[in-house]
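Colleague: If you read the sequences in order, they're chains A and B.
For the first sequence, this note's numbering assigns the number 491 to the last residue and increments by one with no breaks.
For the second sequence, this note's numbering assigns the number 491 to the last residue and increments by one with no breaks.
These are computed hints drawn from the structure, not numbers from a lab.
Please note that the accuracy of each hint is not assured.
Any copy will do: because identical chains look the same in the list, a pair fits if it lies in one copy or spans two.
Said to hold, decoys possible - Each computed DSSO-like pair below joins lysine-lysine, with the alpha-carbon atoms no more than 30 Å apart:
#, residue 1, residue 2
1, 52, 238
2, 69, 171
3, 444, 238
4, 18, 69
5, 327, 171
6, 266, 34
7, 393, 348
8, 348, 434
9, 238, 69
10, 238, 138
11, 421, 238
All values derive from a computational prediction rather than experimental measurement.
2 protein chains.
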Amino acid sequence: MGSASRKTFLPLEPMSFKNESKEVIDFISDYYQKIEEFPVQSRVEPGYLSAKLPDSAPYCPESLQDILKDVNDCILPGLTHWQSPNFFGYFQANASTAGFLGEMLCSGFNVVGFNWISSPAATELESIVLDWMGKLLKLPSSFLFSGTGGGVLHGSTCEAAVCTLAAARDKALKKLNGWENITKLVVYASDQTHFTFQKAAKLVGIPPSNFRLIETNSSTGFSMSPQQVALTIENDIKSGLVPLFLVATIGTTPTGAVDPIGELGKVAKKYDIWFHIDAAYAGSACICPELRPYLDGVELANSISMNPHKWFLTNMDCCCLWIKEPKFLVESLSSDPEILRNNASESKSVIDYKDWQIALSRRFRALKLWVVIRRHGLANLMYHIRSDISMAKRFEEFVAKDERFEIVVPRNFALVCFRIKPKEEIEGNELNRKLLEAINSSGKAFMTHAIVGGIYVIRCAIGTTLTEQRHVDDLWKLIQEKAQSLLMEKI
Amino acid sequence: MGSASRKTFLPLEPMSFKNESKEVIDFISDYYQKIEEFPVQSRVEPGYLSAKLPDSAPYCPESLQDILKDVNDCILPGLTHWQSPNFFGYFQANASTAGFLGEMLCSGFNVVGFNWISSPAATELESIVLDWMGKLLKLPSSFLFSGTGGGVLHGSTCEAAVCTLAAARDKALKKLNGWENITKLVVYASDQTHFTFQKAAKLVGIPPSNFRLIETNSSTGFSMSPQQVALTIENDIKSGLVPLFLVATIGTTPTGAVDPIGELGKVAKKYDIWFHIDAAYAGSACICPELRPYLDGVELANSISMNPHKWFLTNMDCCCLWIKEPKFLVESLSSDPEILRNNASESKSVIDYKDWQIALSRRFRALKLWVVIRRHGLANLMYHIRSDISMAKRFEEFVAKDERFEIVVPRNFALVCFRIKPKEEIEGNELNRKLLEAINSSGKAFMTHAIVGGIYVIRCAIGTTLTEQRHVDDLWKLIQEKAQSLLMEKI
């Protein structure tokens, strides 16, 4: 098995790496060029792909051309095109050239930065870029490395939730002096909070019956009532339970609602519970001074997370988590196996990010966020946010001006929640469900829905990287057209 | 904010995407070309990077050239070069052109495949490729979708551990009829098991005092004794505890040891506990018929995981998890928020992978593994494994033939654990620590260590994608040279 025979198989040879990579770049670039030609939501039926692909792996190597042909013929039809400018579903997942470049550098170096020594640049750039991002959001220095806190990149909000919940849990269990108290710990959120926090709380062993969903309603724009939270906490204390964790949201998933951070923070302080802010979607917007007030009160939080992979032109996946007292994260998540021991770690002068997250192995994600911030600069990043909000305002005005429709929840940020105003309230949900289905099955645009206060609303989330005003205008024409047909049918 | 002004900022314009991406491809290709020129382990000091970069984000966009210049000048010196052919540390993280291409497609499409409808191809390709991979490993059909089981891609073994532990936990708690029994659940592993399982067990709320580390020793090559496991289980049952989960390893991190799967499986069956196989490192090798016997007994497991991102030419991150009864995973991890409701999911005819993992959001990782398998074919993938093992054998022979050295643990796979044979045992650890430090600080190669049975061993993990026989030969010369200096010093 000498060098000679090895030459027959060179899976990372620089010249073929270069040539094949450029072929794929051309393929992806072509895809962006023709992305509007695809139906936004995939039209395939369950099981479509197994009919097109062999049921076991090939023995011999296949050519890149054959593989790309299959990507084109078999994979593209099965995609729901999140990068289409006509994608208005869920929350957007912003891709950008800069994000892609950062992802390529990450994948090309392919280092595993679990601790400082395993690639110092990976750890140090992550700390630096978390401080950059924190400063863009004007977070208090208590969350920054340049102050007394620090930040870490996770893959998802759920991961951030699992880690902060575990940190809070272990801090509490230490104080309560016994693991059996885990069944007494209680987590507070609203009925609009992302379900990922329920999942995370259950994952870390908190009984699902100890997860309190504070009810919200339209009178407060579906934001959480601090009084209600305090009342619920009092009740739990009376029952011998231990309030642990409160999560507030800036920009809820159903409607973009904003919880009153300042007031909730005071409640959290009063009862000495961990206060986490989930700004997954709308956090990005707070880089604009006119939107920064949404974060007022953040100084009362123990931790805050937001996802640059939603609205910050950063390709999947990238979630920033800042924490005031990283020691609680490290105490809960650290491990010190002999196999990873090294002088730098023992000196305590470095960060080992493996102790700030679930997994040991970790990708060099910081490169991606760093390239995104530098390539765009704060100026263009603000432009991006403002442009999306401006398009959402325009769309909101279209809706408001058409008396067949109504805005169900006042718009925050770039999410518009609307519906056809039903003649009879009882018909409203079915009517709007049909409208959404008609729009999505047209292939020309894609939106999703929510139900708030019993009302089915159509969510128009504006902010895909490629979306321009003409796409929003076309969307509104499409909605009007489909609504007209539906309303005609009814007559 | 019309289309006109939007034209000033086009962060995903296809032509600039193409041009800038190709520049980065050239940069990475150049990096591979000169990778042997860098010291393998970074020589920077803690804090080096903050001295080189500004402490806050730029307001104006910067050019790609400026960014790449900084990557070159500031980031590369801070990398420990995992893709260097002279990297023999930890376990390798195989990059390959194919893996990189798959990663680019994933990042380019940037779909978020949390459920089937959000991009059917992402879900379906993942199921297909997990079956392909399972068949390459000759897993019983009880683990495959084409049989009665199924698989999912996670980012890391720890994530797989958290999810399977949560599934086992919730299955047990349901049977025990009360969450308070969480403090009775016990997990079994060996003192060689990856520490990630301890971390995962604690994460899911199992008291750290209920994690049993079965002692191993050199007489069994540091593999776990089924008798010892059974005895420990019996003791726990007598104490009123509830045995929950047993993890066995194929290719432990310290020495590449293999636990006796078949015998351990019988113990697990007898006590009705969840049996997980961690084949993170060595699982890839089992695609070769001559190595497949290591997996004998896998039919007794409830779940098995392995990491293509280690030894299977798949860029970070990629962990395969197969499970016999996916329903337990789904029962533990599922969520059904209104906002994600759709006909396909309600029909129960599709898989929603969000219920098979921690996070909601998920990247289209399956593309990467699919491109890797197709581009290489089983033939070359086997060649890759066999070539590494052959180089490891050769290295092992070098060590065995030099009487100053000894092989401490018999080699399995492509990991060689050796040391300088000390004159006095008491000097052995310090002597070998110094040897490893001398090698690593030379910059010419990088290895890591383990301590087993009190003995400090140097681990030579062969299998970086670019490693050829000449690198292994050079490594041995370097080791001999540094050992000679050390032994001379001592005289």
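Colleague: All hints, please: hold or fail.
Modeller: Hints versus structure:
1. 52 - 238: Classified as neither; 61 Å inside a copy, 55 Å across copies.
2. 69 - 171: neither (54 Å within a copy, 44 Å between copies)
3. 444 - 238: Classified as neither; 55 Å inside a copy, 65 Å across copies.
4. 18 - 69: So residue 18 and residue 69 pass the 30 Å test inside a copy (20 Å) and across (19 Å) alike.
5. 327 - 171: Only inside one copy: residue 327 and residue 171 sit 10 Å apart there, 33 Å across copies, limit 30 Å.
6. 266 - 34: neither (51 Å within a copy, 56 Å between copies)
7. 393 - 348: This pair counts as neither: shortest intra-copy Cα distance 50 Å, inter-copy 38 Å.
8. 348 - 434: between (60 Å within a copy, 21 Å between copies)
9. 238 - 69: neither (65 Å within a copy, 61 Å between copies)
10. 238 - 138: neither (39 Å within a copy, 57 Å between copies)
11. 421 - 238: This pair counts as neither: shortest intra-copy Cα distance 45 Å, inter-copy 66 Å.
Checked against the numbered hints given earlier, the structure breaks hints 1, 2, 3, 6, 7, 9, 10 and 11 and satisfies all the rest.
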